[in-house]
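Student: Line order of the protein sequences matches chains A and B.
By this note's numbering, the letter at position 70 of the first sequence is numbered 70, and the numbering carries on one by one without gaps.
By this note's numbering, the letter at position 111 of the second sequence is numbered 111, and the numbering carries on one by one without gaps.
Bear in mind the hints are in silico, worked out from the structure with no lab data behind them.
Positions of the beta carbon are idealized from the N, C-alpha and C atoms, including for glycine.
Quick partial rundown of chain A residues pointing at chain B, CB under 7 Å, derived from the structure:
1. I42
2. L45
3. D46
4. F49
Now for the letters of each chain:
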Amino acid sequence: MAPSRDELFTQIRDVLGDALGVDEEEVVPEATLQGDLGAESIDFLDIVFRLEKAFSIKIPKGELFPDDILNNPEYVQDDRMTPAGLDKLKATVPHADFSEFEKSPYLSKMPDLFTVNTIVNYVESKLAAA
Amino acid sequence: MRWIWIDAFVEFVSGERASAVKNVTLAEEHLRDHFPGYPVMPASLIIEGMAQTAGILVGEARGFAENVILAKIRTAEFDDYAVPGDQLRYDAVIESLDERAAATSGTVLKNGKPIGRVDLIFSHVNQADRPADMPDHNFVFTGQFMNLLTAFRSQGGSGGDQPDGR
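Build the full structure now, drawing on both the sequences and the hints.
Tutor: What follows is the structure, given as structure tokens:
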């Protein structure tokens with residue numbers, strides 16, 4: 001049986017606590033990985049590896065955290081996502097909440113897309129598809 | 001000083017695990033200062049020893065195609081000191097490995113008794129995505145590291161492949 005949303009959150013809270021060295025009370029659903037929890041680039045790989053182990057899933061490159069889109073001039077101009085880029089990003093990371101970001105899609109705001117909730121959404125969809 | 005903090009491999013199972021030993025000796029220059037009158041192997045060099053053991057294990061698993069760079073220390077815990085006369089053993093196991101990176105777990109033993117745990121993450125840097133200021137050859141797996149695998153195999157061990165002529 002698939003774990004409940006609460007069970008998933010608890011497991012992911014533990015994973016993020018271990019990966020980022022933060023206390024579990026800091027890992028709330030809306031916390032951003034970079035801004036609130038202090039994640040650096042290598043931590044994203046650490047999180048991917050830990051999630052793969054914890055949930056016995058395979059996370060292909062770029063699926064949870066996109067890595068190719070930002071280098072494409074069709075998708076990014078003047079530090080801002082183009083409409084095509086935004087569409088591509090939404091298609092690539094459907095597990096993120098774009099409601100705030102799409103109002104002002106500057107690259108500097110992009111890290112805010114990746115919250116604890118984003119991870120929970122991703123793992124939930126991944127387990128549902130398994 | 002040569003930057004090599006393992007003396008020999010004693011086990012090497014390609015893509016899975018490796019063990020290396022390090023004999024701590026009073027001849028090591030840094031032990032004069034760490035600490036005066038009380039020589040203790042620095043914990044940072046124990047981590048480096050594990051990183052060299054695990055790094056060669058990770059590099060060999062992908063045919064030494066990439067430079068393997070220590071990117072994150074997930075865990076480093078020690079319960080005891082190592083002093084001259086002790087033998088350290090680094091047992092490293094690959095936990096995750098893909099084209100981007102690798103994660104390893106490791107146990108540090110002193111004279112056969114576990115005294116610590118060092119878990120690491122390595123990043124793979126291949127020629128295509130290397131930063132501009134990084135050398136264009138494999139600068140991690142140079143002679144001194146590869147000689148360890150050669151020595152291990154010449155003693156009857158198996159499981160480690162050599163890089164292509166570097």
